[in-house]
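Generate coordinates for the entire structure from the input sequences, incorporating the hints supplied.
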Amino acid sequence: MNYSKATDQKWQEEWKKNGLYKYNPNSEKPKYYTMEMFSYPSGAKLHLGHWFNFAPADSFARFKKMQGYNVFHPMGFDAFGLPAENYAIKTGIHPEDSTMKNIETMKRQLAEMGGSYDWDYSVQTCMPNYYKWTQWLFVKLYKAGLAYKKEAPVNWCDSCKTVLANEQVIDGCCERCGTVVVKKKLSQWFFKITDYAEELLNDLDKIDWPESTKKVQQNWIGRSTGSEVTFKTEDGKHDITVFTTRPDTLNGVTYVVLAPESSLVDEIMTEDRKKAVEEYRAETAKLTEIDRLSTERPKTGTFTGAYAINPLTGDKVPIWIADYVLEDYGTGFVMAVPAHDERDFAFASKYNLPIKRVINSKDGKEPELPYCEYGVLVNSGKYDGLTSEEAKEKITADLEAQGVGKKTVNYRLKDWLVSRQRYWGAPIPVIYCDDCGTVVVPEEDLPVKLPYDVEFKPDGVSPLKKSKEFMNCTCPKCGKPATREADTLDTFVCSSWYQLRYPDANNDKEIFNKETVNKMNPVDCYVGGKEHAAMHLIYTRFMTKALRDMGYLNFDEPFSKLIHQGLILGPDGNKMSKSKGNTVSPDEYVEKYGSDVFRMYLMFGFEYRKGGPWDDKGIEAMTKYFARVEALVQKLKEVEGNSTEISLAEEDLLRLKNQTIKAMAKNIEDFQFNTAIARSMELLNGINAYINGGKINKEVFTNCVETLLKVLAPLAPHFMEEEWHVLGKTSSIHNEAWPEINEKELQGGNIVIPVQVNGKLKAQVEVSSNLSKEEILEAVKKDEKVARLIENNEIVKEIYVPGKILNLVVKK
RNA sequence: GCUGAUGUGGCGAAAUUGGUAUACGCACAGCACUCAAAAUGCUGCGAGAAAUCAUGUGGGUUCGAGUCCCACCAUCAGCACCA
63 MNYSKATDQK WQEEWKKNGL YKYNPNSEKP KYYTMEMFSY PSGAKLHLGH WFNFAPADSF
123 ARFKKMQGYN VFHPMGFDAF GLPAENYAIK TGIHPEDSTM KNIETMKRQL AEMGGSYDWD
183 YSVQTCMPNY YKWTQWLFVK LYKAGLAYKK EAPVNWCDSC KTVLANEQVI DGCCERCGTV
243 VVKKKLSQWF FKITDYAEEL LNDLDKIDWP ESTKKVQQNW IGRSTGSEVT FKTEDGKHDI
303 TVFTTRPDTL NGVTYVVLAP ESSLVDEIMT EDRKKAVEEY RAETAKLTEI DRLSTERPKT
363 GTFTGAYAIN PLTGDKVPIW IADYVLEDYG TGFVMAVPAH DERDFAFASK YNLPIKRVIN
423 SKDGKEPELP YCEYGVLVNS GKYDGLTSEE AKEKITADLE AQGVGKKTVN YRLKDWLVSR
483 QRYWGAPIPV IYCDDCGTVV VPEEDLPVKL PYDVEFKPDG VSPLKKSKEF MNCTCPKCGK
543 PATREADTLD TFVCSSWYQL RYPDANNDKE IFNKETVNKM NPVDCYVGGK EHAAMHLIYT
603 RFMTKALRDM GYLNFDEPFS KLIHQGLILG PDGNKMSKSK GNTVSPDEYV EKYGSDVFRM
663 YLMFGFEYRK GGPWDDKGIE AMTKYFARVE ALVQKLKEVE GNSTEISLAE EDLLRLKNQT
723 IKAMAKNIED FQFNTAIARS MELLNGINAY INGGKINKEV FTNCVETLLK VLAPLAPHFM
783 EEEWHVLGKT SSIHNEAWPE INEKELQGGN IVIPVQVNGK LKAQVEVSSN LSKEEILEAV
843 KKDEKVARLI ENNEIVKEIY VPGKILNLVV KK
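So the mapping is simple: the numbering used here equals the position in the first sequence, first residue as 1, plus 62.
Simulated from the structure, these hints should not be mistaken for laboratory data. One thing to keep in mind: the hints can contain errors.
[Stated by the list, open to error] In silico DSS-like cross-links for lysine-lysine, where the CA-CA straight-line distance does not exceed 25 Å:
hint, residue 1, residue 2
1, K791, K79
2, K592, K212
3, K107, K152
4, K724, K772
5, K697, K791
6, K699, K791
7, K212, K202
8, K418, K294
9, K835, K791
10, K724, K760
11, K844, K78
12, K623, K592
13, K843, K873
14, K294, K469
15, K844, K866
16, K697, K623
17, K247, K623
18, K72, K791
19, K348, K336
20, K378, K268
What follows is the structure, encoded as structure tokens:
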């Protein structure tokens, strides 16, 4: 076989030289914006997962180009983040140096893959010309009231003196030193994504995304309707407002629970309970949120000594704290109805708190407690006899009349915490002035540059705080000495808007040109991993909507269509990881077989959306397929042709050709590359069978081979370019249009009609494709086998699905 | 526990969305070429002697079910004291 890695290199150089993949922003053709989630340059190289994600997606982009679109298919790098910083702490290599080196390597590998990217439209989020605009966005969000500061807990390792990411906390301990991780409260920045909760939920209907991903987002947003109810403390000094989806059970409240860290606890707890409360709080601080939410752990809590008054009944109920109540979900306070809630029942049983039945089942029976279904109210005074549904309305209305309750919607979605106590990120553009307070950096002073020379080894102080040069500044308002915010932005902020930047990536004057951004967006097809279903994909939707409301964008959703590629597992069926030692490097395969064989094998051997365990058994078969294509092209060059007629053999071949074009277009559009390649193999087999028949119509033969090369061009770009030139063509195959379907040729020839009797396949009858139902019936009844089956029976029904099947229903 | 996905030959998988189940490959076997092997090409390849039976299992709807409905089993993934 002639195809090899050298073929790849030859054409990569050629394409680069003549700018084949230069994007033309002024093209008259309709735009098609498709991109893959940009890669994170943490490892030094592209891994198999990258290939499986990028190579088929690149083929898709090439296909859209052949279909006549002005395809915009950019690639960039999500370059800030924790791994580069950790690597730096371990090796002493500066994150900027390692990151830039990795990016260069990955770019080279993406070129070796044959990626049709125009690198003039690329972003690297760690470059000042990019993060300047990330910071600009922060400023805009702040001015729009969508960025604010509040206290929030972080994971703290007291031994390493550093804040830990959730990922660095293993079983509640620091991954580096094993010390128990505690919660520490810091003042941090948030984006008000909850303002958009309702729209983020509703607009899921507008987009062509996998249903499972939409469900993840629905759960993440977690809308629930219920009521807010305000309990007063016994002394009347404090309000305790709870959210409940079950106001019908309000008569059964026997205690109230607060999140242990709530500041209200300090104000209401009695002197004699202080010690117990503080001890309990210290225990709670050691727990991760995962622990606190774990169902495995026994429920614990302690009494605060204070009491609250049930606004409906006037009952005095004790106020407890318990770690299963989280400060940032709902109001941070919970009313407990042990008779009708599993968790409250377990808690009340453990601490001997009263359990009061207020709901019976609708058939009037007294079910075993806890009974969590809807039913009929009992022991509820004037509400007795109402159904749960009725009581919810009535009780909420009564509370509202007294000003101690109202109907409300609650979301699980929390505001987006964007502060990171890290070095390798975009500095938060905020200045603190003794006189003026919190001042955002004026737009004209951006970017706030991340200083290179900083001590980022963990020692209890945020890295940027140790740079006097960075920290000390003057207040933009009053000109007095001031200090900068030392935290950096979550990298999800950087990635929440990059698709808006690509079409205008080199614009120094503004974040993007308003006309360009609205012309190119939304992204028509976005491809990336399922693991981003919640975070990245919801943050980007939020940012799009926020920018729209500020008047910059005129669309609502960033990604019209979304595709998730599957995961390639290790040969052992487990997720590939260095620690498991089951990783597979794409490089050696590319070296040995060439990029096209490798990418074709990835597409043919695995379902794109599904992935599966790695297995290279079939890769040789792809090499074999390439050799057969080469042989066919060679044959076409050599053969003279000995016929000009269009007989049945030619008609059949031409029909196959048209079927192939049609099927492959549909398959590639749907990211079903495995079947697309199968169809191309069928065409190749068909052409081979034709030429082995002896009689060759050169024109038909040429037409079919050229078609085969064209439909394979997006899938095996280097190899097809080579074969195209072997045929004597001088221009690139990648400037060819996707072959057109000839309807006449598609309809020609004979068809085989499967014949069923009573739903069972009994015969196949070959007929001309343009016969009517009656004519076909007639032909079928002449068939020997069919005739025998219907001989002594009555035909009750004849069902004919044109071109597909004939079913005769017979009765004896 | 909840939610979602998946289940088809020895293997990867396909099936125009209710219309010939197993396309296209891998592996395997036989034949041709060869002194021989490799490579290549051709042929066969779900089970069964056959009638028939087969898409995780059991029902149902239909002229017709891998596909739709009900129940169940298995595997994988995500979420979870969410008030």
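Each hint tested on the structure:
no.	hint	result
1	K791 with K79	18 Å, holds
2	K592 with K212	31 Å, violated
3	K107 with K152	19 Å, holds
4	K724 with K772	13 Å, holds
5	K697 with K791	16 Å, holds
6	K699 with K791	12 Å, holds
7	K212 with K202	19 Å, holds
8	K418 with K294	21 Å, holds
9	K835 with K791	47 Å, violated
10	K724 with K760	23 Å, holds
11	K844 with K78	64 Å, violated
12	K623 with K592	14 Å, holds
13	K843 with K873	16 Å, holds
14	K294 with K469	18 Å, holds
15	K844 with K866	19 Å, holds
16	K697 with K623	43 Å, violated
17	K247 with K623	40 Å, violated
18	K72 with K791	16 Å, holds
19	K348 with K336	19 Å, holds
20	K378 with K268	50 Å, violated
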